[in-house]
Every structure is written in structure tokens, then in C-alpha cells.
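So for the first sequence, our numbering puts the first residue at 16; every next one is plus one.
Hints are computed from structural coordinates only; laboratory data are not their basis. Source: prediction; values computed, not measured. Take the hints with a grain of salt, since some may be wrong.
As the list claims (entries may be wrong) - Computed list of lysine to any residue pairs in SDA-like fashion (alpha-carbon distance at most 20 Å, straight line):
#1 Lys448 <-> Leu143
#2 Lys198 <-> Leu583
#3 Lys480 <-> Arg63
#4 Lys547 <-> Leu583
#5 Lys96 <-> Gly434
#6 Lys368 <-> Val395
Stated by the list, open to error - Listed next, with one range per pair, are the computed distances between beta-carbon atoms:
#7 Asp392 <-> Lys257: 43 to 49 Å
#8 Gly527 <-> Glu252: 50 to 56 Å
#9 Lys230 <-> Glu252: 35 to 41 Å
#10 Thr56 <-> Lys241: 42 to 48 Å
#11 Ala78 <-> Asp312: 26 to 32 Å
#12 Glu252 <-> Asn566: 53 to 59 Å
#13 Thr561 <-> Glu34: 24 to 30 Å
#14 Glu136 <-> Thr56: 49 to 55 Å
#15 Glu333 <-> Asp312: 23 to 29 Å
#16 Ala526 <-> Lys560: 19 to 25 Å
Each residue gets a CB set at the ideal place from its N, CA and C atoms; glycine is no exception.
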Amino acid sequence: MRASNLYAPTLREVPAEAEIPSHKLMLRAGFIRKAAGGIYTYLPLAWRTLRKIERIIREEMDAAGGQEIAMPIMQPAELWKESGRWDVFGEEMFKLNDRHDREFCLGPTHEEIITDLIRNEVRSYKQLPLLLYQIQNKYRDEIRPRFGLMRGREFIMKDLYSFDKDEAGLDVSYKKMYDAYTKIFSRCGLVFRPVEADSGAIGGSNTHEFTALAKTGESQIAVCTKCDYAANVEKAELSAIKSGDETEQKLKKVATPGTKTIEAVIEYLHLSIEKSIKAVMFQDEKDRVIFAFIRGDHDVNDVKLQNAVGAVELHMAEKASITAFGGVPGFTGPIGLKKDTVIVIDQSVMNMKNACCGANEEGQHYINVNPQRDFGDVLVKDIRQIKDGDPCPHCGAPVQLTRGIEIGQVFKLGIKYSGSLRATFLDENGREKPFVMGCYGIGVSRTMAAAIEQYHDADGIIWPKAIAPYEAVIVAINAKDSAQMKLAEEIYTAMKKSGIDVLLDDRKERAGVKFKDADLIGYPVRITIGPKAVKENIIEVKVRKTGEVFNFDRNSYLPAVQKLLSQL
RNA sequence: CGGGGCAUGGCUCAGUUUGGUAGAGCACCUGGCUUGGGACCAGGGGGUCGCAGGUUCGAAUCCUGCUGCUCCGACCA
Numbered sequence: 016m017r018a019s020n021l022y023a024p025t026l027r028e029v030p031a032e033a034e035i036p037s038h039k040l041m042l043r044a045g046f047i048r049k050a051a052g053g054i055y056t057y058l059p060l061a062w063r064t065l066r067k068i069e070r071i072i073r074e075e076m077d078a079a080g081g082q083e084i085a086m087p088i089m090q091p092a093e094l095w096k097e098s099g100r101w102d103v104f105g106e107e108m109f110k111l112n113d114r115h116d117r118e119f120c121l122g123p124t125h126e127e128i129i130t131d132l133i134r135n136e137v138r139s140y141k142q143l144p145l146l147l148y149q150i151q152n153k154y155r156d157e158i159r160p161r162f163g164l165m166r167g168r169e170f171i172m173k174d175l176y177s178f179d180k181d182e183a184g185l186d187v188s189y190k191k192m193y194d195a196y197t198k199i200f201s202r203c204g205l206v207f208r209p210v211e212a213d214s215g216a217i218g219g220s221n222t223h224e225f226t227a228l229a230k231t232g233e234s235q236i237a238v239c240t241k242c243d244y245a246a247n248v249e250k251a252e253l254s255a256i257k258s259g260d261e262t263e264q265k266l267k268k269v270a271t272p273g274t275k276t277i278e279a280v281i282e283y284l285h286l287s288i289e290k291s292i293k294a295v296m297f298q299d300e301k302d303r304v305i306f307a308f309i310r311g312d313h314d315v316n317d318v319k320l321q322n323a324v325g326a327v328e329l330h331m332a333e334k335a336s337i338t339a340f341g342g343v344p345g346f347t348g349p350i351g352l353k354k355d356t357v358i359v360i361d362q363s364v365m366n367m368k369n370a371c372c373g374a375n376e377e378g379q380h381y382i383n384v385n386p387q388r389d390f391g392d393v394l395v396k397d398i399r400q401i402k403d404g405d406p407c408p409h410c411g412a413p414v415q416l417t418r419g420i421e422i423g424q425v426f427k428l429g430i431k432y433s434g435s436l437r438a439t440f441l442d443e444n445g446r447e448k449p450f451v452m453g454c455y456g457i458g459v460s461r462t463m464a465a466a467i468e469q470y471h472d473a474d475g476i477i478w479p480k481a482i483a484p485y486e487a488v489i490v491a492i493n494a495k496d497s498a499q500m501k502l503a504e505e506i507y508t509a510m511k512k513s514g515i516d517v518l519l520d521d522r523k524e525r526a527g528v529k530f531k532d533a534d535l536i537g538y539p540v541r542i543t544i545g546p547k548a549v550k551e552n553i554i555e556v557k558v559r560k561t562g563e564v565f566n567f568d569r570n571s572y573l574p575a576v577q578k579l580l581s582q583l
């Protein structure tokens, strides 16, 4: 390809709409243009990179036994109503009607379609396992599309669905996908971690998110500094903190006027914050009021709390709801609350000795609180949010909190969809059984964005070789110098012939412009053809990532460049 | 959905406070000159100032309503 024919409109200035590096750079380097909020056109450079990512995905999916199909983007409402997700997805789904007023949606995912596809045709356990996948556009009417391709309303996703006869089979399929994902993201050159995640409202027993580490990432993860444990902060487990042996003192109510915050209480009582118990009140979707208690210096993890009490959604409780159950805002404690409410105590609180907590009376706290002795029959769970330096649940070494971009997820669905859509087969004993399913997604367009988040500098993108739109660019310094152009052409032809994915920048621009564009677009290597090349037979090769410059001889540059590329 | 901000040529923005001839840089076209890190000179084209009302002799500027974009929050691959 010649740059003079390439549609890659680069921008000198940063468009005002972009916030994060990947978005800014994709706009500036001429990779994408916005069509509407969260909807983008992929220009030639982006499309090449996407196709390279897809190719890697296809190779690994096929190697793991996957078969590629293509399912419709537009899907009938009936299937979604049958699975019960027409309303669950709700506003987030793009819905439309045809001329006969039949309802459709633009697929946000394809569990319904695929389950429907196989439910009437796969009848026997002998046809299993079955792994089908596609690379397809997905649609989600995001409340707030942002960050360019990171959170769009239309995005490219690879989704594979596995069908097995039993849990053991699912475990095998899951492992295959887990391993394939590891290979895929490694081949893409990304720095990533598979992290344990919460399965959320979709249900399911086991799930890992593949997260590309990046400062701008939207999800927060806890990574062990010693072992390979990594988990989404929503999921990251904590073990109960042991307390020192202390003689239990007698429970006592004391006046603590005006101490509505934990800080005020401990200052007033001259206690350390580790001796305080904090109350946090929530209401769920059924308007149940939930009283959660946690050590003063800890924070409640609302996903853990949701799971602990079986709620779908939690929000802060209203004052009236708190008082209705005997709580007094600022002075709420577990002792003396009405029995017909939900009380959850963090596991670490149960080990505390001679602590303090609210007495459910204005201006009053209890001291010498010993939860094991004083709280009676309460629900004890791990509801605490992990923080930097907390011990790893596997090896005990401190964990580190870091941010990442979720680029893939592997998920054991079990029989959730095969159950609701009545998709069954006959097992060895002739018994009808629902398929045991798994689903496995990769955000393809998001992976491209994640790569840029990981690899860029002040001058532009620095593509990993495997997913760069072109592996190399040849810059002729002076397009009007026919000797230079002739040599550039010669090298271009030779490199192409040897299998290098190369672009020839033959534009009639000044050298500076071409250099700036090459850095911005981020070709892994740049070959410069100037006077030195013509007069001294020196082929100059610059590595984008390191800035290293190599001078190769005109007669032997090709193997040298190949070797250089193979090391990138 | 709640709270900010913005909307002026393809891009980045000034002009709006205090109403009076629509601007700059970049990009684009022509010619010249230049060619190792986003040159320079000369000439040129392009904007009903987001939309709809209103106030006024006169509105980019003041008022009302709407739309779009964007940032923060609740939601999420």
C-alpha cells in the first residue's frame, strides 16, 4: 500500500470530544470517525488492526474446537420474551418494529438466538460438546457512551457458546476457552490478567474477566504481589481479621453528644478506629431495609452485600426507613434493632473485642461491645471492600489495587438459558436433559482501544507488531528526488515480496510531516530513505518503541529487518 | 435520570460581559520557494454563528423553548 492512496486523515489538533489516549489517538491518527454518540466508522488503518485481532481470535477459536457461524444482528422479540430478558435488558436494548408492527431488537448478545438454533436440532449427547462462535457487531443503548471505542453503543465482539452434556464437560470447555484467551491476548501483545469476577445478575457459578492493565481502565482489580491471584474488587474475597486476645469488658452505654461520624466518635471516646463499628443502611429493589455493619475503617462492598442478602439492586436507605426499624442516623448499632429487618455483620466485626457502636439513641453509643456475645443471631458475611495492602486470600501476601480494561470474559452459564428456552437432548440413559452452556466473549474493538491505552507516548501510538495496521513504513525523505523514490520503491517491493506487511509513504510532503505521521500512527518500524541511502548505501531503520536507530547495508538490510521484526 | 459545561468554516478556538460590517491559527485550492521532525511568501475559496420563537431600527451577542454534544454520578463488554 502507498500512503498517497491510503485514506488516513491525520489531525494535528486533538478533537475536543476525546478524553482518554486511545480515543484521542484513534481520531488524530485517522483510525476512526464518529457517526453518532458511541457509534464509529472504522477507517482503513483501524480496520486492518481489527482484522488482525480477529484473525488471531479465529485461529485460537478454531484450534480449541470452535466453529465459526454468523448470527443475525436483528432478532425477534419472542425469543427474548421467552427467556425473560426482554424486560430485564430493558432500556439498554435497541428495540424496533417492522411494518407489521412485529417487535425486534438489535442483539446486545446472542444467547437466545444460539439456544434457539440448537434446541430443535441437537438431540443426542453424541453430538456434544459443541462450540460455536461468531465475530459480530453488538448493540447496547448505553446510558452514557464514552471513551470512544471503549464504551460504544455499537461494538465488535467475538462470542462463543459451548454446549455440553454435563458440568464436567462444561469444565473442559471452560478450560479450553480460558487457555485460548490467554493465548489470544498474549499474541496481541497485551499486558493482562485473568481475574476472578462476580457473576452478577446473569447468574452462573464461575467467571473470569480478562483485564488489560491500564490506568484509564474502568474496572478496579486487586492483584496479588506474590502469587497469581487477581480478582475484580467487587469479587475479591477477604478472610476475617483476627483480633488480639482481650478480656471482654462489661457492655456499657455512654453519652457521645453530637458525634455523628466515626471520626467524631473515636475522638470523643479516645478509641482507635479499629475499635469502632460503622453502620451503613441500604434499601433493595423490594424496599427491604438492610443494616450493614462493618469496622470503622472499612468500606462496604455493595456487590458482596447484594449477594449476601439476595438483592438485585441496592441504594442508600432513606431516613424514614432507618428510623422505622429502630435505627437512629449517626447512632445506629446492631443492638436493639427490630427483628423483622435484615442485619448483616461483616465477618471481621465478629472478631472484634471491646468495640464501640451506636446505641440507637440520639447521642448514645455502646462501648465494650463484644459482637460474639452481644449481637445474638445475625447474618455474618464477608461484605468488605478490599483495599490496597489487604492480604491475598490465597497466599496472604499484600494485594495491590490497580485499574484495568475488561477485554474478555469467560462464563459458565449452566442451564440458565437451556432451561428457560427448553433446549434439551437425550443422555446416555435416554433421559431428557438441558444443555450445560458456557459463553465466552471478547470485545474486539475494545481490545484495539486497550492496546493503545497500554502502548502510546507523547508522539502517538506504539503498536505491538501482531496487531499493527502495517508492520513497517518506508519514508522517502524527498518525494521529488527520483533517486530516493526509485530506491524506496525497490525496497518496498523487496520487503513486500519477503512477506513484510509494509506501507510506502510516497506522499509529496516534507520529511517532518511524514515522520510525525509515522510516529502518530505507530508503525513498529520505520525505514528512512534519504541522501544517506542513495549516496552511502545506508538503510536507516528506526524502532518506534525504543527509538533505536539501526544502519543496515543496502545489500543485507532485508534479513536484518526481518530479524528486527521477529524480535518485536 | 440528576448536576455542570459547550454549540461560531473541515479541526482548535476568539468574539457574547457592554447589541451595530463575522475573526485567527491549522486544513483546503493556485503560484513561487523549500525538503532529515508538523516550513515560508503571495493570492484564493469556504460560515443563514445548533434549531424555533421573541425583544429591538438592528441579535453570534439579550429573553423563552427545543435539539445535539460533552464532563461528573447511578448502569455496563
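Beta-carbon spacing of Thr56 to Lys241 - inside the hinted bounds 42 to 48 Å or not: holds (46 Å)
Satisfaction of hint between Leu143 and Lys448, Cα-Cα up to 20 Å: holds (13 Å)
Hint consistency between Lys480 and Arg63 [alpha-carbon to alpha-carbon, up to 20 Å]: holds (12 Å)
Verdict for Glu333, Asp312 (Cβ pair) under range 23 to 29 Å: Holds: the Cβ-Cβ distance is about 26 Å, inside 23 to 29 Å.
Beta-carbon spacing of Gly527 to Glu252 - inside the hinted bounds 50 to 56 Å or not: holds (55 Å)
Distance restraint hint 26 to 32 Å, applied to the beta-carbon atoms of Ala78 and Asp312: With Cβ atoms ~49 Å apart, the hint is violated.
Whether the CB-CB distance between Lys230 and Glu252 falls inside 35 to 41 Å: violated (25 Å)
Proposed proximity, Gly434 with Lys96 (alpha carbon, max 20 Å): holds (14 Å)
Verdict for Thr561, Glu34 (Cβ pair) under range 24 to 30 Å: holds (28 Å)
Status of the given 49 to 55 Å range, CB of Thr56 versus CB of Glu136: Once the Cβ atoms are compared, 37 Å apart, the range 49 to 55 Å for Thr56 and Glu136 is violated.
Outcome of range test on Cβ distance (Ala526, Lys560; 19 to 25 Å): holds (21 Å)
Pairwise hint evaluation, Val395 against Lys368, where the allowed Cα distance is 20 Å at most: holds (16 Å)
Comparing the model with each earlier hint shows violations of hints 4, 7, 9, 11, 14; every other hint is respected.
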